[in-house]
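J.: Build the full structure now, drawing on both the sequences and the hints.
Number of protein chains: 2
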Amino acid sequence: MTRIAIDMDDVMADTSLKIVQELNKKLNTNYQIPDLLNDIKLREEFYANYSQNNSFLWEKGFFEDIEVKPNAVEVIRQLQNHYEIFIVSAATEFPESMKEKLNWLEKHFPFIGWTHTVFCGHKYLIQADFLIDDHEKNLKTFSGTPILFSAPHNLHLTGYERVNTWDDVAAKFL
Amino acid sequence: MTRIAIDMDDVMADTSLKIVQELNKKLNTNYQIPDLLNDIKLREEFYANYSQNNSFLWEKGFFEDIEVKPNAVEVIRQLQNHYEIFIVSAATEFPESMKEKLNWLEKHFPFIGWTHTVFCGHKYLIQADFLIDDHEKNLKTFSGTPILFSAPHNLHLTGYERVNTWDDVAAKFL
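Residue numbers (the numbering used here), protein chains in the order written: chain L, 1 to 174; chain B, 1001 to 1174.
Calculated directly from the structure, the hints in this document are not laboratory data. You may find that some hints are simply not true.
As the list claims (entries may be wrong) - In silico PhoX-like links for lysine-lysine, alpha-carbon gap of 20 Å or less:
1. K60(L) <-> K1060(B)
2. K99(L) <-> K1099(B)
3. K60(L) <-> K1099(B)
4. K1018(B) <-> K1099(B)
5. K1026(B) <-> K1060(B)
Stated by the list, open to error - Heads up, incomplete: computed chain B residues facing chain L, CB under 10 Å, no partners named:
6. A1048
7. S1051
8. N1053
9. A1091
10. L1102
11. A1128
Every residue gets a Cβ at the ideal spot worked out from N, C-alpha and C, and that includes glycine.
T.: Right under this line is the structure:
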């Protein structure tokens, strides 16, 4: 059966939205996702601030209550009828995150389960036919076919097949 | 570079010893590892009891203070000079275990790091040349060369290259 590996942050989960909210709280700013998408200069300023102020990623609770991306649940449930689905998240950098990510998956995607969940650092040792991910570092070293899921930080990337939404994923695979 | 995937429980860590201790505490028994190794009937009784009384695996703290197997640290450190080493542990079944396993690795094997640590369910999607593991379910579905690390529960297995100690691993790979 064709195997699809699916990343969590900014693919299944709207992690960028949570990051924007946390950074706004921390710096008393008012960044908004649509503005970041439309304004390259603002986006560069945002990511410069973020790289200096991202300790909340290591704090308890960050990964527990992130919003699910629109239609992710329904499309992944349907994909599971035709493909072997594994969730592959680069989570070992964040020791507190893994239990929270399991809880999150159990809450929103109870049909996946721990047997098909992988938390790792490097993803290049994952054997799958497709990897749907938002980070070039994961896609460019992947041995199967990489699929880039659009996120504010990867809009400049070219050279990858790109999907913008879970409807795009459904159109490609279903 | 040749890649070796190494399991944690009963390969790097003496998990069977901890299990025996926890079960003795729970059932007020006095099982000892050498007796279990020598006596098949006792071993069967032990594993029957264990399968009914293993809730401690899901409790906080179980995986934090397990003893390191003799020479594991020194041999893995040397392997790292010649091979790409990944730690691959079937840990997603135990939500509390992953932070504890990261702490344990950081304490005893600080030269590995989160980038080369994988927590998963099924291991058959791991791409490596060798897998050193104590469980047949992981070895028989592995796409590279499986190496069976002896543990009380796998003494009956045949058909795999077997190592009994980390000195055996060193003799094979170094």
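J.: Could you check the structure against the hints above and give me the numbers of any it violates, in ascending order?
T.: 6, 7, 8
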